[in-house]
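Throw the hints in and build the complete structure from the sequences for me.
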Amino acid sequence: MSRKKPAEGVAVWIDERLGSSNFVRRSLNKVFPDHWSFMLGEIALYSFIILLLTGTYLTFFFDASMHEVVYNGSYVPLKGVTMSEAYASTLNISFDVRGGLLMRQIHHWAALLFLASIVVHLMRVFFTGAFRKPRELNWVIGTGLLVTGILEGFAGYSLPDDLLSGTGLRIAYGIVESIPVVGTWVGFLLFGGEFPGHVIVGRLYSVHILLIPLAILGLITFHMMMIWYQKHTQFAGPGRTEDNVVGSRFYPVYSAKAGGFFFLVFAVLALLGGLAQINPIWLYGPYNPSQVSAGSQPDWYMGFLDGSTRLMPNWEFRGLGHTIPFNILVPTVILPGILFTLLGMYPWLEARFTKDRGYHNLLDRPRDKPVRTGLGAMALSFYIILLLAGGNDLIASIFTFSVQTITWTLRIGLFVIPPLVYVITKRICLGLQHSDRELLHHGIESGTIRRLPSGEFIEETVGLPVPYQITITGSDPTARPALHGAAHAADGLGDEHAVALPEDHMVVDGQPKPRGFFRDKSAPRPEKGQRPEATAPELESTGQVRRPE
Amino acid sequence: MTNPADPSDKGSIRDRLQSPVPSSEANSGGDSRHSDLTDAGFQQTDSRGALHARGHDEGQQGVPHATPVTHAHAPLDPALEEAKARAAERKIAGLFLASFASVIAFFFVYFLAPFKFTEPNNIYFTPTLAVLMGIALGGIGAGTVMWAKNLMGHEETVQERHPFGSPPEERAAAAELLVAGAQESQLGRRSLLRNTLLLSGGALALLPLPLLFDLGPYAHKERGLATTAWKKGMRLVRENGTPVRIGDLGLGSIDIVFPDVPGGNMMADAPTMLIRMQPGEFKPVKGREDWSVDGHVAYSVICTHLGCPVKLYEQQTHHLFCPCHQSTFDASNGAKVLFGPAARPLPQLAISVDADGYFIAQGDYHEPVGPSYWERKP
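Residue numbers (my numbering), protein chains in the order written: chain Y, 1 to 549; chain V, 1001 to 1378.
Please keep in mind that the hints were generated in silico from the structure rather than gathered at the bench. A few of these clues could be false.
To be verified - Derived EDC-like pairs: lysine to aspartate or glutamate, alpha-carbon spacing no greater than 16 Å straight-line: (1) K1221/V <-> E194/Y; (2) K1311/V <-> E1239/V; (3) K1283/V <-> D1330/V; (4) K1231/V <-> E1367/V; (5) K1232/V <-> E1222/V; (6) K1116/V <-> D96/Y.
What the hints assert, rightly or not - Chain V stretches covered by chain Y per the calculated footprint, using a threshold of three residues with CB under 8 Å from any CB of chain Y: (7) 1114-1124; (8) 1150-1157; (9) 1308-1314; (10) 1318-1330; (11) 1339-1353.
Keep in mind the model is a prediction, meaning the values are calculated, not measured. Cβ atoms here follow ideal geometry from the backbone N, Cα and C, with glycine treated the same way.
Quick look at the structure:
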């Protein structure tokens, strides 16, 4: 015991001043539910930490100046070429700083992973309904993180002042210029005059290493605090209710897994950073307004905007002494504005249309919310078409179609495919629901054939084990009814908090459950003009489930 | 990270049930959570309802903090358990040692291996560092996760959530405090104070705005956007500064030219392409018949869409192609837009030939070069 004394002494010293033991005890016992999909947000968090670490290292060597110098470093092919100090110092990091290239490439890969994991995490939260009350604010913060992350990424890859990033900045200037009334003012303000000017790299540097990281850090802090305070959502399962969390405690199991996972993410990024070349700026050369490389593609997270720009018809308003370039405004300003606004507002939109304003701590299975899942898949297909359009020249050269064919196909596809995806996704969800209900109702076919005294042969079925029933019905029939719900009901706040006692999942409105995958086979054929799936949305809206008899 | 109660992540329900886990096997092994799939397991997990947490959360004041109730599966044969733990311990220690060895190797490679572009075998430097760094990080990461999974137990803990909203009396009390404070400050009664504070606060918020004004020069904003460095009689020079003479360009070839001023080759709005076509193939736009010389025609390189250089020239069709957004222009017909998001033809530079046979500009472009903007005259 005497060996423990120093640590104990420190702990006592701190506790005497801050009373920290109480906090520590409560925190260490906090319970986190386990599911693989809950790790996606963690990847984003860890990527951000890695970005801070590698980015700080890069600032020691990077010179954010557009002052022209003659390159005299060790990369022979560019020796004697006039370039900006920003580009020269990036070459220096890549070729003359030991491990600099590794750090630079880890930084770039981490940025790509940061945004990719945010997007996948967003999909997880969307499709499982984790954004519902009381977590709407955290959804908005997450949307904010996505937007600031994209801006941060753009500012970052514009810094080296190479040919590709300079082309990106030229496009950014054109987008700013296109905004009616204030566009040219803002453009001059940002770039210090006409493009390219001499200040943009320095200014983007302040933005990239101070302003936006600070904003992201603040948003992440709020994001985490809210998760901590509200506790994580969980999937339905044995013993799990709307009013509890079932999982492993923060200390030691959860923190060990999460901490180990950080190192695993870092390990993968380190391997990528050294084995997979990313943004080889020395091959592009320094920026020159009259040069461009074929196949100019931005980083993937900007790709959907590049795609929308490529698909947009060449509409421009000219008259009354002014020009309004809709061919730029619509795909690069209006479209992302609408998309991100809708994204941020989604929790309220859904609550409005479903009239569901209750608390939700248990997650949905996507199939159980066919409309939401359909909408999500629809939005995703829209996004993917834009992303593909951002590479229409690459698709054209790989598949040897003409760019025009690809562009026109995608233009039409952008409006035709998403609604189709919606309908198909919804049908699949409903079909999966049907098949689930069938399992619940009939149980599992055992393969055992029994002969009845009457001579009839039947196949015996085994009742579906309870955990599977809970997965399908979405609530644990054996779990104790909610304490807090009762308390709320008593104090007049309504009983939205309470867990509805499960009802018979196989019976809706007194009718036996439908059979069949895509269509209700047991029900009589619907008459003409009547929608065959009429019962399924009802199921979704009521969400009523009952324990099988 | 699988979930005992969410079998959906272990294949479909049918798949799982067609190959049920024998209960003895399910209850042994590293992951005792599998037992949830057996009948014995259900009883255990179902009993969780009875074991339900008496613990409350930090959000609640005045409630004693109880440890959340945890539920572990029945212990197995202790000797067997310990043997398995030992095996796991050896594996984890191995991972940690691999990490340690990689760090040492990293130091050696970092200081001893060749890395300069001119040194032989320098291309292996960064990949080697990455692999060693990956093992160093991954060893610790994988070891820690294995430790948590194999040695830290598989108990499941149930914790109550605290209610989200405050009880109504709490809300009423908070609102009362706010109102009382406002009354105490006389914010509502002293409207003069309130209004003057709002006025000065609003003004103060605007104070930083003029400080941003000098971020850019605005004096000649529109003229700057609408004009380039091209002037009457100025020679067309290549990037290296040499002037272009009539006859320098072969038929169907293209050259990028700049105004003959210092730094002209780095100006963002001045780059121009000089194309030579068969005089018969080239249809001059009405009113521009004298802007070209003997099949030589000059257009701005800067795309009218978003300003990328439109440099891909197709000799046979005379199409000019922008690599950024695929706008296509017809060089033989006033650089009219054939396809893509660009709305306007590339501006044409009127050229002629001076006494020495060198190409010169007849003047600046007749319209602003590059992307559209609000003040641009139609």
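Hint check results:
no. : hint                : verdict
1   : K1221/V <-> E194/Y  : holds (8 Å)
2   : K1311/V <-> E1239/V : holds (14 Å)
3   : K1283/V <-> D1330/V : holds (10 Å)
4   : K1231/V <-> E1367/V : holds (14 Å)
5   : K1232/V <-> E1222/V : violated (21 Å)
6   : K1116/V <-> D96/Y   : holds (7 Å)
7   : 1114-1124           : holds (count 4)
8   : 1150-1157           : holds (count 5)
9   : 1308-1314           : holds (count 4)
10  : 1318-1330           : holds (count 5)
11  : 1339-1353           : holds (count 6)
In this structure, only the earlier hint numbered 5 is contradicted, and the remaining ones agree with it.
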